[in-house]
Amino acid sequence: DSGVTQTPKHLITATGQRVTLRCSPRSGDLSVYWYQQSLDQGLQFLIHYYNGEERAKGNILERFSAQQFPDLHSELNLSSLELGDSALYFCASSPRQATNEKLFFGSGTQLSVL
Amino acid sequence: GENVEQHPSTLSVQEGDSAVIKCTYSDSASNYFPWYKQELGKRPQLIIDIRSNVGEKKDQRIAVTLNKTAKHFSLHITETQPEDSAVYFCAASSYTGNQFYFGTGTSLTVIP
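Top to bottom, those sequences are chains V and Y. Heads up, the first sequence stops at 114 in my numbering, and the numbers go up one at a time, no gaps. Heads up, the second sequence stops at 1112 in my numbering, and the numbers go up one at a time, no gaps.
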């Protein structure tokens, strides 16, 4: 167990809908990263938050947004869902802002858009 | 920004043989290089990492080497076992950066 908690584990929804994925980082970790992994694909970086502030954006669609709350948990909001958004979404956390520290992944949320 | 390339994309070895996965990076500011193992449907798990002030690090059957001059690092798995079968990802990052840059992954199959 990495200490990073993601909910829900599975999510099935329809095209056009909106969903929210939740992540609780390891105790004491201030940085949260979101990644998308489509079937048999690599880890696509979406966004990095540190202590409530956005630090870096990757290939995140405008239909997607995220935030990190004062208690350090983070939410990834996906709207106007399309079939191609079906993927495994991972959250990861590390202690500080610097990215030369160990990164620990949650178990992911499997999103299926039908 | 940083660009990490990983080879090979697939690798099959006989049980007991060694496996080597190689990654190159482009940004000389990168100074932290972790390796992750991902089993099917599971989360990536950190298996070993190395910092730029070290040339080699070993943990039982797993070792990582780093050549800063050539900007490449490699994962070495000796005496492979079927449970080593997974996808392995390399990554690079720097103290001043804001993200980790992952390679595209290597699917390792260990044949019993």
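Hints listed in this document are in silico derivations from the structure and should not be mistaken for laboratory results. The C-beta atom is built at its ideal place from N, Cα and C for all residues, glycine as well. Any given hint could be a false lead.
Straight-line C-alpha distance at most 20 Å; calculated EDC-like pairs for lysine to aspartate or glutamate [to be verified]:
(1) V:K57 / V:D1
(2) Y:K1068 / Y:E1039
(3) V:K9 / Y:E1005
(4) Y:K1058 / V:E101
(5) Y:K1071 / Y:E1015
(6) V:K102 / Y:D1049
(7) V:K102 / Y:D1059
(8) Y:K1042 / V:D1
(9) Y:K1042 / Y:D1084
(10) Y:K1042 / V:D71
(11) Y:K1068 / Y:E1005
(12) Y:K1058 / Y:E1079
(13) Y:K1068 / Y:E1015
(14) Y:K1057 / V:D40
(15) Y:K1068 / Y:D1049
(16) Y:K1068 / V:E101
(17) V:K102 / Y:E1056
(18) Y:K1022 / Y:E1005
(19) V:K57 / Y:E1002
(20) V:K102 / Y:E1002
(21) Y:K1068 / Y:E1056
(22) V:K57 / Y:D1059
(23) Y:K1058 / Y:E1002
(24) Y:K1022 / Y:D1084
What the simulated footprint calls covered on chain Y by chain V, stretch by stretch (three residues with Cβ under 8 Å from a Cβ of chain V suffice, anywhere in the stretch; the number is not a length) [stated by the list, open to error]:
(25) 1008-1022
(26) 1044-1054
(27) 1071-1078
Status of each hint after checking the structure:
The hinted pair formed by K57 of chain V and D1 of chain V fails the criterion: a straight-line CA distance of about 27 Å is larger than 20 Å. Using a Cα cut-off of 20 Å, the hinted pair K1068 of chain Y and E1039 of chain Y is violated, with the two alpha carbons roughly 29 Å apart. Restraint check: the Cα-Cα separation between K9 of chain V and E1005 of chain Y comes to about 31 Å, which exceeds 20 Å; the hinted pair is violated. A distance of roughly 18 Å separates the Cα atoms of K1058 of chain Y and E101 of chain V; the hinted pair therefore holds under the 20 Å criterion.
Distance hint between K1071 of chain Y and E1015 of chain Y is unfulfilled; the C-alpha atoms sit about 30 Å from each other, more than 20 Å. Annotation: proposed proximity of K102 of chain V to D1049 of chain Y holds, straight-line Cα distance about 8 Å (limit 20 Å). For the hint pairing K102 of chain V with D1059 of chain Y, the CA-to-CA distance comes to about 16 Å; that is within 20 Å, so the pair holds. Taken as a hint, the K1042 of chain Y and D1 of chain V pair is honoured in the structure, with Cα atoms around 11 Å apart against an allowance of 20 Å.
Our distance criterion of 20 Å between C-alpha atoms is met by K1042 of chain Y and D1084 of chain Y, whose separation comes to about 14 Å. Proximity of K1042 of chain Y to D71 of chain V is assessed by CA-CA distance (about 27 Å); at most 20 Å being required, the pair is judged violated. For the proposed pair K1068 of chain Y and E1005 of chain Y, the alpha carbon gap of about 15 Å is at most 20 Å, so the pair holds. Proposed proximity of K1058 of chain Y and E1079 of chain Y is supported: the alpha carbons are some 14 Å apart, at most 20 Å.
Proximity of K1068 of chain Y to E1015 of chain Y is assessed by CA-CA distance (about 31 Å); at most 20 Å being required, the pair is judged violated. For a cut-off of 20 Å, the pair hint linking K1057 of chain Y to D40 of chain V is broken: about 29 Å separates their Cα positions. Straight-line distance between C-alpha atoms of K1068 of chain Y and D1049 of chain Y comes to about 15 Å, which keeps the hinted pair within the 20 Å bound. Between K1068 of chain Y and E101 of chain V, the direct Cα distance comes to roughly 19 Å. Compliance with the 20 Å bound is thereby established for this hinted pair.
Taking the CA atoms of K102 of chain V and E1056 of chain Y, the gap is near 18 Å; set against the 20 Å cutoff, the hint holds. About 8 Å separates the Cα atoms of K1022 of chain Y and E1005 of chain Y, which keeps this hinted pair within 20 Å; it holds. Taking the CA atoms of K57 of chain V and E1002 of chain Y, the gap is near 14 Å; set against the 20 Å cutoff, the hint holds. Distance check on the hinted pair: K102 of chain V and E1002 of chain Y sit about 18 Å apart at the alpha-carbon level, within 20 Å; holds.
Between K1068 of chain Y and E1056 of chain Y, the direct Cα distance comes to roughly 11 Å. Compliance with the 20 Å bound is thereby established for this hinted pair. Proximity of K57 of chain V to D1059 of chain Y is assessed by CA-CA distance (about 34 Å); at most 20 Å being required, the pair is judged violated. Between K1058 of chain Y and E1002 of chain Y, the direct Cα distance comes to roughly 26 Å. Violation of the 20 Å bound is thereby established for this hinted pair. Restraint check for K1022 of chain Y and D1084 of chain Y: the C-alpha separation of about 17 Å stays at or below 20 Å, so the hint holds.
Against chain V, the region 1008-1022 of chain Y contributes 0 residues with a C-beta closer than 8 Å to a partner C-beta. That does not satisfy the three-residue criterion, and the hint is violated. Only residues whose beta carbon comes within less than 8 Å of a beta carbon in chain V count, and the region 1044-1054 of chain Y has 5; three or more means the coverage holds. As drawn, the region 1071-1078 of chain Y meets chain V at 0 residues by the rule of a beta-carbon pair under 8 Å; below three, the given contact is violated.
Hint check: violations occur at hints 1, 2, 3, 5, 10, 13, 14, 22, 23, 25 and 27; the rest are consistent with the structure.
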